[in-house]
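Novice: Construct the complete structure from the given sequences, taking the supplied hints into account.
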Amino acid sequence: MPSLPVVLPLIAAAVLLAARPLARYRRVLDLVAAGTSAAVAVLLGILIFRTDHASTYWFAGFRPAHGIAVGIAFTVGPLNAGLACVGAILMTAAMVFSWRYFTGVGTYFHVLMLTFLAGLCGFCLTGDVFDLFVWFELMGVSAYALTAYRPEERGPIQGALNFAITNSVGAYLSLTGIALIYGRTGALNMAQIGAWVSRHPPSGLVVIAFVLVIAGLLVKSAIVPFHFWLADAHAVAPTPLCVLFSGVMVELGLYGIARMYWSVFGPGLGHRAAIGRVFLVLGVLTAVVGALYCFRERHVKRLLAFSTISHAGVFLAGFALLSPLGLAGAALYVAGHAFVKAALFLGAGIVLHRLRSVNETWLHGRGRKLPVTGALFTAAALGLADLPPFGTFLGKGWIDDAAGSPAVTIILLACTIVAAGSVLRVAGGVFYGLGDPPREDERMAAEANEETGETDSARQRTPLTMSVPLALLVAAGLATGIAAMVPRAGDALLSAAAQFQAQPQARPADVTVSSVVTGLVSAAGAVGVGLAGLYWRRIPVLRGRYEPGARGTGLADRFQSGVINDYITWVIAGLACLGGVLAAIIRLRGLAPGSRRPWHASDISCRRRSTTRRP
Amino acid sequence: MEYFPFVVVAWILAVGLHGIVTSRDLIHTIICLVVVQSSTYVLLLGVGYVTGGVAPYFYDISARTKAVDPVVQALSLTDIVVEAAVTALLLSFAVQAHKRFGTLDPHKLVEFRG
Amino acid sequence: MSPRQRLVLFTVAMAGLAACFAWAVAGLPGFGNYPGPYGPVILHDAVGQTHATGVVSAVNFEYRGFDTVGEEFILFAAAAGLSVVLRRLRDERESRPVDNSNRLPVPDSVRVPALIFTGPTVLIGWWLASHAQTNPSGGFQGGIMLASALILIYLAGEFIAFRRLSPVALLDAVEAVGAGGFAVIGLIALAMGLPYLDNFVPLGTIPGAVSSGGTIPLISFFVGLEVAAAFVAIIGEFGEQTLLVRRS
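Here the protein sequences come in this chain order: A, B and C.
When we follow our numbering, the leftmost residue of the first sequence carries the number 1, and every step to the right adds one.
When we follow our numbering, the leftmost residue of the second sequence carries the number 1, and every step to the right adds one.
When we follow our numbering, the leftmost residue of the third sequence carries the number 1, and every step to the right adds one.
No lab work stands behind these hints, which were simulated from the structure alone.
Don't take every hint at face value.
As the list claims (entries may be wrong) - Below, a sample of chain A positions facing chain C; criterion: calculated Cβ distance under 7 Å: (1) Ile11; (2) Val70; (3) Ile72; (4) Asp401; (5) Ala502.
Unchecked claim - Chain C regions said to be covered by chain B (calculated; three or more residues, Cβ under 8 Å): (6) 6-16; (7) 52-60; (8) 76-88; (9) 231-239.
No residue lacks a Cβ here, since even glycine has one placed at the ideal position from N, Cα and C.
Specialist: And the structure:
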């Protein structure tokens, strides 16, 4: 059964392509695609609850003998099945949303969405490093093609090119890392490599293989300075796809890094505290950069994309704490964020569908005729600002608890406030007409007006197939938080995180007063930032200085230049720095015997079987 | 000579990345990406080589003959198909980029910045 | 960044990355000393376990068959994506090729060899695609050869003939059968209560015979279909862009 979440969408995609001459029965296509996604979500939901501990599925029946795996394994645990399940739910919502969204949509859209879903599930569930690369590429190829779904405009072409080239370079560097580690360990199974690595002292090979393997994942998860492609791609991809890009694809990259660290390299690398700090710095840097770019943006989808970068930084910070509580917090935050961010993108999609623009400046006050969408968009924006009881507040609370450092808490809080505040500024300005009408920026207007070809002619009312998924996603965001507040559910999540990291669970997860207070402060601060952005010109201190959303501040443009050559240069520079820092940690601090933990080879479940094949 | 193939890998990788970074033509960028990926073929086949080993095909020789690692060859095969697929897709983007922007210079293929 | 700044940053960073790479390579056992254990275990078991003498095919279609499913669908998705990106847009129309004879000005020295080699290429492609289990061949190699046969027709300047021989609907169907068939073979094993992609077909008695290998030749055949159809579709799309589509 663990193979089905990957195989079902693939077969559905093949069937749809074969039946392409019948494409005029559009609803059949929609039903098959949405139904397959829903079925995959249900399957994964069953897998989450059926596996209390990681269970391993060996393809073609090649079970490992004497600790040597010759086949490909899926290692299904609650966390990775849960992440894939969130992806499948978002995919279902996106498929329902696109029901009335596109007009000229052919079979290819559905086919590519389904192959994307299969790649996503395979990437989450696999326990084999090369298999990970294969599903990563399937997801990538489908996503590149879908980004360029409207090739008649310039934005999608730029976005798809930058997306594809940056991610491909990252993927090939990952493959280089896989080849290096294979050349030494002679293994591709994650648990087997992990066992080898933890038996040997950390060498340059292991350190650099780790850095190279996570290169592609760092690019995918848009960690500074690997993040430049994300805004270009997210701003122009079809809205249903943005839901998946921001909701799960970025998080998949982070999951991959966590998985590579915990299942493969971490136990052998040692120096946990120092390595954790490196990633914590990367995460905080990403959160800050994303928040700043988010604040100065006026293109609604691009603004949401920068907020995703900012949140990716927060997630990475959660992972980087290397404790079960930090990981559980990050996992919960990812789920809560996925639902509200997906809702925000669907809201932007409805605005684009009804008002034919995603330019905040032009839209000012024009969204008043969309009261329902406005209310849901605002609610989702508050969820993004960690308002209790959205899932985000508790996740953030756990991360803060695990960090135990006021400085980290305050910086991450400030980033959330600025990023979510910018989204609230959009909500207030567009849907409620608050604030002063902003000045028109010519370049912005030209950019946002390109966004017209995506949907058919403006409709008089919002179809139910668009508003219902939006409402359900906001509800799901709330439900995540409420469910996680149940002590048993929280503990289950925490023990799943502890098991993912193969370390004992330290303490029960609970809802602390401080997490509620932080959530409320965060939401209030975000409202404040949103209002400040709207009434900027009336605030004496700020008046006359920089105006939010105004472009042309040279430095920011110079980094986010849109030129692929620059992006690749940054990838190489970032990787060289990361490699240098990790090398310095391992070399200068020497081997710290106490810091290396024994390896639990629970993933290889049948080590002592004498046959490699069923009898 | 023991590490020479890996020097070749580093060289191909560096040349490909240099090409992407300095490229003034999108087709050139894409071909350089192929060069970058080629380094992974050499690396994969290099790490799996066994001195004196034959190709892992035992149609007319004994299955106990010393042979090189068949796994990396299978991985390279997969890698090559991935490369072909990605390259084809990227070239189609280049076709459309030329139609929309009227140029293939990556510096001018910029709709969004900042 | 200006090109100069970029080059400086790249040079410094690449030097750092190269140093990292050198440090990593120093930990490898050295060229020709592959330590295993993955490869040696496969070499030891493969012929006996799968009855295929082409061990690379055994790895591709059996031990690591699930990778190959993903790989097939990467090609499948790329071909579908290409059709999306290069579809005819509102402001484009199809034009007939130059002069009305449906032919491009291709010299006979190219046309004649191209057409002569078409038949043998099909034959070699077919042979390769059906011998994965015995020797260095298989679905990828065979599929590419089959696609080349059609591309030879295109090279001969017969683009219309090329298009008529490979209509898009047919290519889509063949691709779907190729990639989907592979996935379905795995599903049959599942329906029989075996793990996904388990080799449920009898392996045959003589290792290396065409009928040996169980599902290996079957999968290889489907892979051949997929690869051939995908590459013909890709070349067809590009050919159409070059030869037929004009901006109105």
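Novice: Flag every earlier hint the structure violates by its number, smallest first.
Specialist: Of the numbered hints given earlier, those the structure breaks are 4 and 5, listed in rising order.
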